[in-house]
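Chemist: Chain by chain, the residues:
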Amino acid sequence: MSDTNGADRKLCIICSKGTLDMAYPGLILANAALMEGIDVTMFFTFWGLDMITKKKMTNLKATPLGNPCMGMPNLLGVLPGMTAMASVMMKKEIEKLDFPPVDEFLEMISDAGGKMYSCKMSMDMMKLTKDDLCEQIDEVVGAMEFMEMSEGAQVLFI
Amino acid sequence: MSDTNGADRKLCIICSKGTLDMAYPGLILANAALMEGIDVTMFFTFWGLDMITKKKMTNLKATPLGNPCMGMPNLLGVLPGMTAMASVMMKKEIEKLDFPPVDEFLEMISDAGGKMYSCKMSMDMMKLTKDDLCEQIDEVVGAMEFMEMSEGAQVLFI
Amino acid sequence: MSDTNGADRKLCIICSKGTLDMAYPGLILANAALMEGIDVTMFFTFWGLDMITKKKMTNLKATPLGNPCMGMPNLLGVLPGMTAMASVMMKKEIEKLDFPPVDEFLEMISDAGGKMYSCKMSMDMMKLTKDDLCEQIDEVVGAMEFMEMSEGAQVLFI
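One line per chain: the protein sequences are A, B and C, in this order.
Residue numbers 492 to 649, in this note's numbering, belong to the letters of the first sequence in order.
Residue numbers 492 to 649, in this note's numbering, belong to the letters of the second sequence in order.
Residue numbers 492 to 649, in this note's numbering, belong to the letters of the third sequence in order.
One chain only, chain A, in its complex shape (with noise of 0.2 Å):
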């Protein structure tokens, strides 16, 4: 009989977010718990596809508006070229910091032992076929195939 906790504890992480900010708790919180011998699963699904989009995942965004924590006033914010200048600053920081780049860090998390899925759902509403994702993506399910899944696991929504 599995548990949430001891030898076999279970980690899901639903990701569902594609801002710079919100992919990176993700990938950093797979990547603490598998160096724990913690099972992880990745679960991508609505905007967090981008993160696993080739076309997309390497030019992830953060933007200042709707975000009153980046301090920028919203009359700039909504400036050509601010989005992409927040999106560089922050990329900057994460580097200084050894994180790798989206791509490299789903490769280390895959490579670590961790298992990704893709939300079918949401790829064909963003008309996505599988050839579009990353090769790290073990499958392609719905959303019944995550619930079996996450059995006994903490589960992440983020």
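Simulated from the structure, these hints should not be mistaken for laboratory data.
Some hints could be false.
Copies of the same chain are indistinguishable here, so a pair counts whether it falls within one copy or spans any two.
Claimed, not checked - Calculated pairs, EDC-like style, for lysine to aspartate or glutamate (alpha carbon to alpha carbon, straight line, at most 20 Å):
1) Lys611 x Glu527
2) Lys546 x Glu639
3) Lys546 x Asp629
4) Lys545 x Glu630
5) Lys546 x Asp615
6) Lys621 x Asp499
7) Lys621 x Glu598
8) Lys587 x Asp615
9) Lys618 x Glu586
10) Lys582 x Asp615
11) Lys583 x Asp615
12) Lys611 x Asp589
Once you have looked at the hints, place chains B and C on chain A.
Modeler: Just chains B and C, lined up with the frame of chain A:
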């Protein structure tokens, strides 16, 4: 003694967002869990109240502002009508996937045995009474009651 | 052997947002859990650091931009002063419900036995030291240490 898995597996979903793109993940997961025989409780709080408020639930919106994943420049996204347009487009995509609109989805989940509770404190803040909510809401409860309900459950905060 | 429910029920709340509307759900749930005798750990990361940074914690903001639930047109929301106005309005509503301001709420939770940790990596990224944080923070920890702390707990990512 209950456990997070096995025959008496429980899932509690806290719905705190009222945008279209963050309403559906909770609905889809709740539905999938019920189809897997899992006990499901939904708790609506903060902006998540929009999902169950009669006047708003059929008119949830998706905004391209502050969400660079939608790929619309902020200078365009800020224009009148852009939120409405993005909302209509997303609703069409959701419909194409054969998912029902929010009000019907809640009815389906409730009919399948999903329990639904509304957060008392958030209702007070937004000056809502139980009459403002759809009939699927079983009860208005406080945070402490929610903590009791979620004992032994996998809990998602959306 | 611990379990997610029973006498040794544990709740871990990861606070990753620094807006008023996403700060309170974590505080309210932590408080309710403590009143139910549940062991509570809060982990502040990314924008959630604003909740515990002395210079920012008393001045968290709510923005109508990118949140259509607030019902303000984006063309208005982008104007100077609108974020400040929305923030003042929300603070008043929260006060009416007899919830304390963020700094006092953290003090209450800490006094009631809630443990609070800050994410080392996020602090490095934002160039913060422990002196910048409120005194309720027990320790600065890494993601691996957080994974150890959260063993057997129900974990919420806010």
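Chemist: Is it within, between, both, or neither for Lys611 and Asp589, if the alpha carbons may be no more than 20 Å apart?
Modeler: between (33 Å within a copy, 13 Å between copies)
Chemist: Pop the pair Lys582 and Asp615 into one bin, within, between, both or neither, using alpha-carbon distances up to 20 Å.
Modeler: Answer is between; shortest inter-copy Cα gap is 14 Å, intra-copy 30 Å.
Chemist: At most 20 Å between CA atoms: does that hold for Lys583 and Asp615 within a copy, between copies, both, or neither?
Modeler: Only across copies: Lys583 and Asp615 sit 13 Å apart there, 34 Å inside one copy, limit 20 Å.
Chemist: Is it within, between, both or neither when you check Lys545 against Glu630 at 20 Å Cα-Cα?
Modeler: within (16 Å within a copy, 39 Å between copies)
Chemist: Cα distance capped at 20 Å. Does Lys618 pair with Glu586 within a copy, between copies, both, or neither?
Modeler: So Lys618 and Glu586 pass the 20 Å test across copies only (14 Å; inside, 32 Å).
Chemist: 20 Å Cα cut-off: does Lys587 pair with Asp615 within a copy, between copies, both or neither?
Modeler: between (37 Å within a copy, 9 Å between copies)
Chemist: Given a CA cutoff of 20 Å, do Lys546 and Glu639 count as a within-copy pair, a between-copy pair, both, or neither?
Modeler: neither (30 Å within a copy, 35 Å between copies)
Chemist: State whether the alpha carbon distance between Lys621 and Asp499 is at most 20 Å within one copy, between copies, both, or neither.
Modeler: Intra 30 Å, inter 35 Å, cutoff 20 Å: neither.
Chemist: Is the C-alpha distance from Lys546 to Asp615 at most 20 Å within one copy, between copies, in both cases, or in neither?
Modeler: within (17 Å within a copy, 30 Å between copies)
Chemist: Checking Lys546 and Asp629: alpha-carbon separation at most 20 Å within a copy, between copies, both or neither?
Modeler: within (18 Å within a copy, 42 Å between copies)
Chemist: Up to 20 Å between alpha-carbons, please classify Lys611 paired with Glu527: within, between, both or neither.
Modeler: This pair counts as between: shortest inter-copy Cα distance 17 Å, intra-copy 30 Å.
Chemist: Is it within, between, both or neither when you check Lys621 against Glu598 at 20 Å Cα-Cα?
Modeler: within (17 Å within a copy, 33 Å between copies)
Hints 2, 6 from the list above are not met by this structure, while the remaining hints are.
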